[in-house]
Amino acid sequence: GAVVSQHPSRVICKSGTSVKIECRSLDFQATTMFWYRQFPKKSLMLMATSNEGSKATYEQGVEKDKFLINHASLTLSTLTVTSAHPEDSSFYICSARGQADLSSNEQFFGPGTRLTVL
Amino acid sequence: GENVEQHPSTLSVQEGDSAVIKCTYSDSASNYFPWYKQELGKRPQLIIDIRSNVGEKKDQRIAVTLNKTAKHFSLHITETQPEDSAVYFCAARKTSYDKVIFGPGTSLSVIP
Numbered sequence: 001g002a003v004v005s006q007h008p009s010r011v012i013c014k015s016g017t018s019v020k021i022e023c024r025s026l027d028f029q030a031t032t033m034f035w036y037r038q039f040p041k042k043s044l045m046l047m048a049t050s051n052e053g054s055k056a057t058y059e060q061g062v063e064k065d066k067f068l069i070n071h072a073s074l075t076l077s078t079l080t081v082t083s084a085h086p087e088d089s090s091f092y093i094c095s096a097r098g099q100a101d102l103s104s105n106e107q108f109f110g111p112g113t114r115l116t117v118l
Numbered sequence: 001g002e003n004v005e006q007h008p009s010t011l012s013v014q015e016g017d018s019a020v021i022k023c024t025y026s027d028s029a030s031n032y033f034p035w036y037k038q039e040l041g042k043r044p045q046l047i048i049d050i051r052s053n054v055g056e057k058k059d060q061r062i063a064v065t066l067n068k069t070a071k072h073f074s075l076h077i078t079e080t081q082p083e084d085s086a087v088y089f090c091a092a093r094k095t096s097y098d099k100v101i102f103g104p105g106t107s108l109s110v111i112p
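Just so you know, the protein sequences line up as chains A and B, in that order.
First residue of the first sequence: 1, per my numbering; consecutive thereafter.
First residue of the second sequence: 1, per my numbering; consecutive thereafter.
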């Protein structure tokens with residue numbers, strides 16, 4: 001299957017700082033990328049959907065000014081957690097889907113980023 | 001919007017026994033139902049999926065059944081092994097352009 005990478009895998013930051021997480025599709029062009037948040041022992045909660053070259057669509061209850069998403073190219077999307085606070089500590093996972101994958105319906109997940117805000 | 005429920009939340013079985021996880025969905029327009037396996041700290045891995053024009057699909061020890069009328073679908077794992085221990089998520093989606101909605105997950109433990 002297609003490969004999606006995320007960087008960093010783990011990040012620890014102080015409260016009030018901003019953190020950027022990168023999601024890359026390594027061997028295909030991702031027309032759509034999804035950002036999820038997962039708390040311990042909980043399900044994946046979709047935060048936003050981003051299509052290359054356009055603004056992200058955020059799910060209800062997700063603050064777009066706090067979670068900035070950029071999908072400027074077909075292989076890279078970034079999530080920036082601005083002014084992070086301890087309650088933002090979570091596992092953030094991206095997934096990507098390319099135009100060619102529409103028939104197969106599959107989206108490919110990145111390995112996740114563990115964010116800890118002190 | 002779509003709502004996916006999943007039962008049980010935890011499941012323990014003896015090695016070699018079968019495990020069944022059941023899900024329901026609310027939106028009758030959903031037509032694609034993937035199942036994911038997630039090990040601790042890892043990414044979700046697609047293990048099997050089914051589309052609405054099919055009632056059952058099998059891949060070795062894993063099978064999925066779908067009842068569109070009742071809006072139920074189930075995952076069946078036979079001859080369970082310790083390496084099957086993980087959290088399993090069912091999910092649902094309408095069109096290829098729509099988002100995938102995940103169920104709350106089932107933590108499966110296979111006891112050797």
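One or more hints might be untrue.
[To be verified] With a straight-line cut-off of 25 Å between C-alpha atoms, the simulated SDA-like cross-links for lysine to any residue are:
1. Lys41(A) to Glu2(B)
2. Lys42(A) to Ser109(B)
3. Lys94(B) to Asp17(B)
4. Lys58(B) to Thr31(A)
5. Lys99(B) to Cys13(A)
6. Lys94(B) to Ser28(B)
7. Lys37(B) to Gln6(A)
[Unchecked claim] Example chain B residues on the side facing chain A (calculated, C-beta under 10 Å, incomplete):
8. Gly55
9. Tyr97
10. Ser107
Treat the hints as calculated values from the structure; they're not laboratory data.
Even for Gly, the Cβ is constructed at its ideal location relative to N, Cα and C.
Each hint tested on the structure:
no. : hint                  : verdict
1   : Lys41(A) to Glu2(B)   : holds, 22 Å
2   : Lys42(A) to Ser109(B) : holds, 16 Å
3   : Lys94(B) to Asp17(B)  : violated, 33 Å
4   : Lys58(B) to Thr31(A)  : violated, 30 Å
5   : Lys99(B) to Cys13(A)  : violated, 31 Å
6   : Lys94(B) to Ser28(B)  : holds, 9 Å
7   : Lys37(B) to Gln6(A)   : holds, 19 Å
8   : Gly55                 : violated, 18 Å
9   : Tyr97                 : holds, 7 Å
10  : Ser107                : holds, 8 Å
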